[in-house]
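Following the hints, put chain E in place on chain B, whose structure we already have.
Sequences listed follow chains B and E, in order.
The working numbering puts the first residue of the first sequence at 9, with every later residue one more than the last.
The working numbering puts the first residue of the second sequence at 780, with every later residue one more than the last.
It should be emphasised that the hints constitute simulated quantities derived from the structure, not laboratory data.
You may find that some hints are simply not true.
Here's a subset of chain E near chain B, in silico, CB distances under 7 Å, partners left out [unchecked claim]:
id : residue
1  : LEU822
2  : ARG834
3  : ASN835
Treat the numbers as computed from the prediction; the structure is a model and nothing was measured.
Here a beta-carbon is modelled for each residue, glycine too, at the ideal position from N, C-alpha and C.
Here's the letter readout for the chains.
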Amino acid sequence: DQQVKQNSPSLSVQEGRISILNCDYTNSMFDYFLWYKKYPAEGPTFLISISSIKDKNEDGRFTVFLNKSAKHLSLHIVPSQPGDSAVYFCAASEFSGYALNFGKGTSLLVTP
Amino acid sequence: KAGVTQTPRYLIKTRGQQVTLSCSPISGHRSVSWYQQTPGQGLQFLFEYFSETQRNKGNFPGRFSGRQFSNSRSEMNVSTLELGDSALYLCASSSDRINTEAFFGQGTRLTVV
Chain B
9 DQQVKQNSPS LSVQEGRISI LNCDYTNSMF DYFLWYKKYP AEGPTFLISI
59 SSIKDKNEDG RFTVFLNKSA KHLSLHIVPS QPGDSAVYFC AASEFSGYAL
109 NFGKGTSLLV TP
Chain E
780 KAGVTQTPRY LIKTRGQQVT LSCSPISGHR SVSWYQQTPG QGLQFLFEYF
830 SETQRNKGNF PGRFSGRQFS NSRSEMNVST LELGDSALYL CASSSDRINT
880 EAFFGQGTRL TVV
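Next comes chain E alone, as it looks inside the complex:
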């Protein structure tokens, strides 16, 4: 079965712009979570959605938001981009709880210039 698909793979944006990243989970998985990976901070949890509802949110500013659609696909949006938002954004899907085995996509590499 197909894995977790994230699009686009690479993105370059200018400070102040906004960006939307997309994630298609594994078929049948209803939980989608997002992580930011930076060299200094490792992987940090952004938020998690299950059946279109946000169940948990990490310590990120309100510029970071997300949503999940009825087909479990998820998008995350970052508004008013800052240089520090440059990172690899990873999406993970699991059948229910995130603490069961989660499958990650390849990520979207966002560069803010």
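Same shape as in the complex, but just chain B:
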């Protein structure tokens, strides 16, 4: 069963606007969350992470928000750029775990 869900398979945003990618999880034992970006024919690249003791983490144009009570996290990209067009994967793990549980990904297209 899918413990990490990305319910939007695709998202299209205009350049300069905000992109918001959402992720839900079901396992309350997850306490570390990551976002990866993937271009075709390449492996996923780490983007940003957040631990469960925080509700927000920023890195440049990228901000991840965590709502533990709702078991929901989101990635905000501001401003969006055409080079951000890729598939974004949300992943989660338990502190004591040795596996990343991935969502199925959201394909982001940023149009000029």
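Just chain E now, kept in the frame of chain B:
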């Protein structure tokens, strides 16, 4: 420093055959994990090795196996290949726990015909 290297990049095999994929982690990283990516299922965890020991295993049949060598290089093997095994197989390395930043290789694209 060199990234995660996976070989081969592409592979075509026939049903019933077996295949071995290789992964060289980033120098100094002792944790290597493997993932299968398919269009319908996304990335699914296969197994993780640390210092030659398997620490965790995903929900895959016993046809999928792996090992890690003393230099941290890892191999995964799939026996009795099925059409459904066609996928991109990704290897990730990290210094210790997988829930720290993990670095992925470019993957091996396996096609079973």
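| Looking back at the numbered hints, which does the structure fail to meet, lowest number first? | none
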